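Chains as they are written, first to last, in my numbering: chain A, 1 to 495; chain B, 496 to 884.
Hints in this document: simulated from the structure, not taken from any laboratory. Bear in mind the structure is a predicted one, so any value in this text is a computation, not a measurement. Misleading hints may appear alongside valid ones.
Said to hold, decoys possible - Straight-line distance between alpha carbons at most 27 Å, and here's what the computed BS3-like set of lysine-lysine pairs gives:
| # | chain 1 | residue 1 | chain 2 | residue 2 |
| --- | --- | --- | --- | --- |
| 1 | B | K747 | B | K535 |
| 2 | B | K735 | A | K470 |
| 3 | B | K640 | B | K501 |
| 4 | A | K470 | B | K640 |
| 5 | B | K735 | A | K167 |
| 6 | B | K735 | A | K226 |
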Amino acid sequence: MQMPPLDPAILARRSEIVAALRAIVPGEGVIDETDGMRPYECDALSAYRQMPLVVVLPETVAQVSSILRYCQDNKVKVVPRGAGTSLSGGAMPVGDAILLGLGKFNRVLEIDYANRCVRVQPGVTNLGISAAVEHEGFYYAPDPSSQIACSIGGNVAENSGGVHCLKYGLTTNNLLGIEMVLLGGEVVRLGGKHLDSEGYDLMGLMTGSEGLLGVVTEVTVRLLRKPSTARAMLLGFPTEAGAADCVAAVIASGIIPAGMEMMDKDAVKCAEAYVSAGYPMDVEGLLIVELDGPQVEVDHLVARVEEIAKARGATTCRVSRDEQERVLFWAGRKAAFPAVGQITPDYMCLDGSVPRGRLVEVLAEMRKMSKTYGLRVVNVFHAGDGNLHPLILFDANDPSELRRAEEFGADILRLCVRVGGVLTGEHGVGIEKRDLMGEQFTEIDLDQQMRVKCAFDPDHLLNPGKVFPKLRRCAELGRVVVHHNKLPFPDIPRF
Amino acid sequence: MAGTIKPRDSKELRQAVEWALADNVTLDVRGQGSKLALGKPMHCDQVLDLSAIAGIVDYAPEELVVTLRAGTPLRDVEALLAQRNQMLAFEPPDLGPLLGQEAGRGTLVGAVMGNLAGSRRVSAGAARDHLLGFSGVNGRGEAFKSGGRVMKNVTGYDLSKLLAGSWGTLAVLDEVSIKVLPAPDQTRTLFLFGLADDAAVQAMCLAMGSPHDVSGAAHVDGRTALRLEGVAPSVEARLKGLRELLATSGAKMEELGTLESRAFWREVRDVAPLAAAPDAVVWKISCPPTEGPGIVSRIRALRPATEAFYDWSGGLIWLALPASADADHATVRGALGAAGGHATLIRAPEAVRASVPVFHPQPAALAGLARRVKESFDPKRLFNPGRMG
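So that you can see chain A by itself, here it is in the shape it has in the complex:
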């Protein structure tokens, strides 16, 4: 993975930069010892590691503001970081950049049940929000698999999803307000406890911007009341195609389940061996479908889904009898990645999204590629919204396997784009998919995105080396080129 070349002038000024940061954040909030910085050298995309220039852990918005003003004034790069659970390298350090960790922003500031929202600092974990309101019967809906560890600020940066976003939406659909610090140190508030923006929806733009536009220092999210009933179904099929057809049929029938996940045969085997969830072992494709709402609605929908599944050849159809069994059905799915980790030295997790109607074709094509590359692939994914998570199994100690795994992964993502899908459904571009952006976007598309970046960060100081395959200077991007056509459209109707 090629990162931008380090700036020797910045490296030479390291002690001066450290001193400047110490003047802003006193005490142990600035870490410049190698051992102390080690925990920050990678995020959850741990194949790539890089020590930062220095780590700073501010505790107040004023400190964040001073740090970003310093960065702007001195043209020093800065990489924001929440809990460091990014699967795409979004929080991976850059060698000549300050790593700005927001872990100390860990307080719940206000819970407002009447307006169904909660205001928190960005370092609060995703699950921490639900935990703070659980006793009143409320929760925060987006539930990425890393929810026990990932921070809400990181969720905003990545527009995180999860199993339940099929029905309840992604971070962007559940976010009401943010406070953020711009490069240069200005603090702005977007949204609040009210809906929609008075002008351009900059909060919507910030969501999923991967830390390239600003540093979020406060987050207000929508709370939902927990549904009174939730039941999970295990639907086993003799073919993957049968399972995929069932997914499309459920949606087409007008049912939006709370979650609809698919696991292939190998994933089922691994998960079952790992947590004994009671999964059927004689199926090629397993669906976990969760329905929630009032008891009568859940009963009604369970019956309809059962009918649809049987018509599509389901050989197993089990409905959770109680909460304990529902949790057990999910336990296998939730542990699927570590379970697969038991049978392989390493695996690479991909994240392409495809139209549901192309699932069968994409799965079959992946099997073929698997043979070509001589590497196994296991599939566990959010079938309901077409978000694939193929796991490519390999051994990183074998350089040729690592290279083949990377090529295989890139081919799968190209396939996703070819059938009308996208490179990443929820993990983000980061450094991982950066160089594949050209598969999905033209140079003009990317230039337009980079111009938006320039509106926030004209010197490309925030989270450099991420998302964009190649950086162009903002001054160059800002030039307006006029094509002087003589009479360019003589035929267009005019009045």
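For this one, chain A is given, so just place chain B on it according to the hints.
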């Protein structure tokens, strides 16, 4: 009088913008022009009429997505979706009658450009939450795209969010992909009668925070309306639950069936309660739901003739004030105080809209950011210049 240029396809659209760029021609970008009376008045050199770039490109009900061209009438899209029991969950309103036009006009992309939404905003989101992707032309005459047709997509910046609610000032769209959802089998409404504004908002917030999946909460003319949608047995059970929950309010209750419910919520969506008095100025306030009654009472203390109704559980206030030269903008915005939120002037004579801020003024840092974002798309300010102030 400005001339009109009417491209027939994406290529002609791009040529038109290239020409405008070369000759410094400002463009009044419109679909059917149904919302022209909303926003700051503009004085453009040319009208760019998108109504000929129309039609459904692809509709895949099982994918929950429809792709269509910019000039496609909203009504056509709704009719198409209805054939497959699907809908635009954000309930784009028909503001025609409110704005002094006939009903039933307007394009879907026009509704997206205003980020409009009806009562289901509280449970299903606004237009911004349903725009999956688009293609269009920026102010440099470049054809570009963003987003896609799939439900989950975090590849690159979510420019769809910026475009939704940009009132045509960032780029000219030629095609959009919109998320659609299954239409509910049944729609029922529970009315509570005689609650004062604050008691009504309290009841609505209680209902919204209940497990009964309320998909609309409005307070109009002394009636507090709660909407329940879904399959019959579920709706019945939730209606019962809501009645029990709200029994303590002491209000008399009544239920509406599916057809009457749909008519009622259509009127709320289209702001019909305020459309009758054509001379009144109309404001739309978005605020934290529990702040709604306080804001209205502060305005009424200064302007007793103010008419108001609430949607979004109290978080959306529609106001009608007697005609005045400045639309009482200082009174209305001043009433928000520290409550948070924003007020948009929806209907007022052109001269009034020219002299007062139609969109809620932003602090300097935000206004500067918004200006730089505008320039990143349209550096020469060709598209709808000045419409957002």
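Going through the hints against the structure:
{"no.": "1", "hint": "B:K747 / B:K535", "in the structure": "violated (44 Å)"}
{"no.": "2", "hint": "B:K735 / A:K470", "in the structure": "violated (59 Å)"}
{"no.": "3", "hint": "B:K640 / B:K501", "in the structure": "holds (21 Å)"}
{"no.": "4", "hint": "A:K470 / B:K640", "in the structure": "holds (18 Å)"}
{"no.": "5", "hint": "B:K735 / A:K167", "in the structure": "holds (24 Å)"}
{"no.": "6", "hint": "B:K735 / A:K226", "in the structure": "holds (18 Å)"}
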